[in-house]
Amino acid sequence: MFSKVIGGRVDRIGRSSVFLLFVLFFSYQSALPQSRGECSSADIDHSGVIDIIDIFAFIDQFGRPLADAPDSFDANRDGRFDIFDVIFSINCFVLSLNPQEEEPAPTSPPEPPADSDEGLPAHVTAFVDGRLTSPCVNNTYSRAERRCTGSDGPAFPTVQEAITSAQPGDTFVVREYTYRESGYDLGSRGTATASLDVEGTESQPITLQAYPEEQPIFEGRDFISNWHRCRTSSECPGFLNYHDLIFTDWTSPLLPNSTALYDGDTRLYLAQEPEPREGNSLYFDRPYEEWEPVRAQGFSVTTLQDQAYFESFQLPTWIGVELLINTGNNTTYTRTIEAFNSSSGTASFEQLTSPDNATWFLDPTQDRFAVRNHPQFLDTPGEYYFDSARSRLYYFPLNEQPELSFARRNYGFFVGATRHVIVDGLEFCGYRLHGIGNYSLSSRAMDAFGLIIRNSLFSEILDGAVNIYGSHLTAERNRIRKTSDEGIFFSNGTNNVIRSNELQDVAGTNLRLYASSDSEIVDNVIVGARGQHANGITTYLGCDHVLIQGNLVYDSNIPFTFKQSSNLTVRDNIFFSDAVAIAGWDKPEEDPESYGHVDIHHNTLIRWDNKMPITVADSFTDSRVDNNILVGGSPSLLRTPNSHNLFATVADLDELFPHHEDLDLSIDPSGEFSNACTMATDGSYVGAVPCD
Numbered sequence: 170m171f172s173k174v175i176g177g178r179v180d181r182i183g184r185s186s187v188f189l190l191f192v193l194f195f196s197y198q199s200a201l202p203q204s205r206g207e208c209s210s211a212d213i214d215h216s217g218v219i220d221i222i223d224i225f226a227f228i229d230q231f232g233r234p235l236a237d238a239p240d241s242f243d244a245n246r247d248g249r250f251d252i253f254d255v256i257f258s259i260n261c262f263v264l265s266l267n268p269q270e271e272e273p274a275p276t277s278p279p280e281p282p283a284d285s286d287e288g289l290p291a292h293v294t295a296f297v298d299g300r301l302t303s304p305c306v307n308n309t310y311s312r313a314e315r316r317c318t319g320s321d322g323p324a325f326p327t328v329q330e331a332i333t334s335a336q337p338g339d340t341f342v343v344r345e346y347t348y349r350e351s352g353y354d355l356g357s358r359g360t361a362t363a364s365l366d367v368e369g370t371e372s373q374p375i376t377l378q379a380y381p382e383e384q385p386i387f388e389g390r391d392f393i394s395n396w397h398r399c400r401t402s403s404e405c406p407g408f409l410n411y412h413d414l415i416f417t418d419w420t421s422p423l424l425p426n427s428t429a430l431y432d433g434d435t436r437l438y439l440a441q442e443p444e445p446r447e448g449n450s451l452y453f454d455r456p457y458e459e460w461e462p463v464r465a466q467g468f469s470v471t472t473l474q475d476q477a478y479f480e481s482f483q484l485p486t487w488i489g490v491e492l493l494i495n496t497g498n499n500t501t502y503t504r505t506i507e508a509f510n511s512s513s514g515t516a517s518f519e520q521l522t523s524p525d526n527a528t529w530f531l532d533p534t535q536d537r538f539a540v541r542n543h544p545q546f547l548d549t550p551g552e553y554y555f556d557s558a559r560s561r562l563y564y565f566p567l568n569e570q571p572e573l574s575f576a577r578r579n580y581g582f583f584v585g586a587t588r589h590v591i592v593d594g595l596e597f598c599g600y601r602l603h604g605i606g607n608y609s610l611s612s613r614a615m616d617a618f619g620l621i622i623r624n625s626l627f628s629e630i631l632d633g634a635v636n637i638y639g640s641h642l643t644a645e646r647n648r649i650r651k652t653s654d655e656g657i658f659f660s661n662g663t664n665n666v667i668r669s670n671e672l673q674d675v676a677g678t679n680l681r682l683y684a685s686s687d688s689e690i691v692d693n694v695i696v697g698a699r700g701q702h703a704n705g706i707t708t709y710l711g712c713d714h715v716l717i718q719g720n721l722v723y724d725s726n727i728p729f730t731f732k733q734s735s736n737l738t739v740r741d742n743i744f745f746s747d748a749v750a751i752a753g754w755d756k757p758e759e760d761p762e763s764y765g766h767v768d769i770h771h772n773t774l775i776r777w778d779n780k781m782p783i784t785v786a787d788s789f790t791d792s793r794v795d796n797n798i799l800v801g802g803s804p805s806l807l808r809t810p811n812s813h814n815l816f817a818t819v820a821d822l823d824e825l826f827p828h829h830e831d832l833d834l835s836i837d838p839s840g841e842f843s844n845a846c847t848m849a850t851d852g853s854y855v856g857a858v859p860c861d
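For what it's worth, the numbering used here labels the leading residue of the sequence shown as 170, then goes sequentially.
These are computed hints drawn from the structure, not numbers from a lab. All of these numbers come straight from a predicted model, not from anything done at the bench. Built from N, CA and C at the ideal position, the CB exists for glycine as well. Treat the hints with care, as some may be off.
What the hints assert, rightly or not - Derived Cβ-Cβ restraints for the label pairs, each shown as a range:
| id | residue 1 | residue 2 | range |
| --- | --- | --- | --- |
| 1 | ALA586 | ARG808 | 39 to 49 Å |
| 2 | PRO485 | ASN624 | 53 to 63 Å |
| 3 | THR818 | THR847 | 15 to 25 Å |
Please put together the full structure from these sequences, using the hints given.
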């Protein structure tokens with residue numbers, strides 16, 4: 170056996186392990202560095218040379234779960250620690266033994282010149298660089314080498330360390346890296362990469378921004394390791410296709426059905442029958458015709474009876490299987506079967522949360538259900554099953570080299586009662602709750618104040634990209650992709666602005682204001698809001714004086730809904746929908762203090778099923794609908810006070826908008842509808858796009 174001493178510890182490594190790694194080294198030449206200059210990152214003990222101590226450090230770490238490896242072990246800088254980093258370090262050791270191969274190359278990959286300030290702010294308080302293993306004090310950070318070997322200022326390995334003593338006016342520049350740390354413990358709310366518990370001022374905000382031309386990534390996922398191939402039916406009981414599966418023993422307190430699992434960047438889903446529409450895990454809870462209709466007999470808030478359906482699967486037990494029940498106000502509930510009566514085919518579960526009127530809540534003529542999480546349902550690549558009794562996870566891999574991870578951290582940046590902070594140009598992905606968010610404190614009506622979130626990317630986040638209670642909040646020019654719930658949600662404040670953001674495949678309501686006044690949602694683009702209970706834009710629960718202007722909502726459920734809101738201006742928007750385009754849900758007479766004027770004008774609203782695109786209560790008399798183009802329905806169906814609207818049908822689209830397939834909704838002034846160019850109340854035009 171070999172002995173080694175690293176960091177004051179003595180460990181032993183078998184010859185067979187070292188021999189295997191050297192064999193792998195000769196087998197993967199394409200993954201190796203070409204010069205000694207590329208090897209600086211393999212110098213783990215920072216001795217200045219690649220030696221046997223560094224090799225043993227890599228081998229020792231590789232024997233542990235890869236997800237626990239420090240980022241400094243990513244020798245080849247590909248964003249993860251794996252066998253190729255061990256191979257990389259071995260080759261660097263070989264190069265260090267052969268002086269003839271030494272090149273007069275720099276000791277690190279080419280970077281911008283150290284004295285180049287292009288794109289940097291005039292004042293940088295400190296840099297954040299995940300490649301560092303300890304802070305660079307006394308201004309010793311080198312931008313070029315990304316080590317503590319220069320004079321460019323202080324630097325820290327994590328955001329949490331950098332902002333500990335932040336003062337108004339401070340600017341922190343974040344280098345490109347994948348930041349996976351759990352820098353802050355929120356107690357019962359889980360962990361966050363960082364808690365921005367800082368206060369700037371309106372004239373001197375605290376800024377966190379990306380280094381020029383770089384994309385820092387804040388990652389909420391951790392890797393899942395120790396996978397094994399199912400080799401026998403006794404090893405993986407209950408699976409008809411056990412030879413297709415791999416498994417691991419689950420050790421995290423977060424159960425797989427309470428978080429999200431990924432293979433690479435593909436989100437997976439619990440084995441389900443029927444499978445989600447088109448295999449899209451974002452919409453696992455959205456019913457379609459293959460879901461089973463409920464039967465009136467035996468259907469209640471705690472039971473579901475369908476003997477023929479349950480017997481068709483011939484399962485040994487239904488206890489522990491999950492039901493997806495779509496009922497109530499267009500909501501899908503997840504319930505675990507706690508008891509099952511096989512003689513009647515009745516499943517019992519925890520009570521569904523219902524309004525007082527349970528008869529309205531349950532509707533056997535429309536409600537449907539599906540089932541998930543049983544070995545017999547695990548029949549499609551990308552599905553998994555969790556055996557809670559054995560704490561074992563089974564997975565049907567998408568490919569031969571799966572890279573499994575799960576959403577572990579709850580927040581990227583937790584902002585609490587943060588004041589006057591700017592977040593600019595960062596990327597957040599894989600978080601269990603929010604990329605940036607807080608939660609309302611019982612003793613305070615409003616929390617954060619003066620936050621600006623801009624030019625950032627959010628993806629694969631479970632409960633919403635940005636979710637903040639507070640005032641004077643701004644989210645602008647952000648891109649949001651594939652979140653399970655809302656895109657941007659501001660609540661309980663004033664002067665909140667959601668502007669010029671792009672959202673795609675967001676499964677919850679994309680843009681939402683609750684209890685916000687003197688606020689605006691303007692110039693946003695929303696595509697693919699097709700979740701089970703998703704709208705494009707929503708103002709609910711006491712919103713007052715809100716501007717909804719210049720937004721494009723396409724391929725989505727309901728583009729705009731409002732409820733218990735007053736003094737809304739909805740103008741210059743383009744809404745496409747196969748349902749209603751604008752919906753005001755409640756009746757003012759039921760809560761007159763929550764309602765006021767709503768002005769809907771100069772919008773283009775297209776409803777593909779040719780029905781009226783606006784639904785507002787008849788008693789909503791303090792409102793106007795003017796100067797709009799309404800495609801679908803007849804004028805007699807619009808009972809809200811209105812004037813100078815152009816009514817058309819879907820069949821008129823080619824004539825009305827010759828270039829509508831390119832989302833160009835300008836009227837052809839020489840066509841059949843040329844008179845629309847002068848029918849507005851001011852004699853100008855109708856719709857969202859001025860006439861030529």
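Hints and how they fare:
no. : hint                        : verdict
1   : ALA586 - ARG808: 39 to 49 Å : holds (46 Å)
2   : PRO485 - ASN624: 53 to 63 Å : holds (54 Å)
3   : THR818 - THR847: 15 to 25 Å : holds (22 Å)
The structure is consistent with each of the numbered hints, conforming to all of them.
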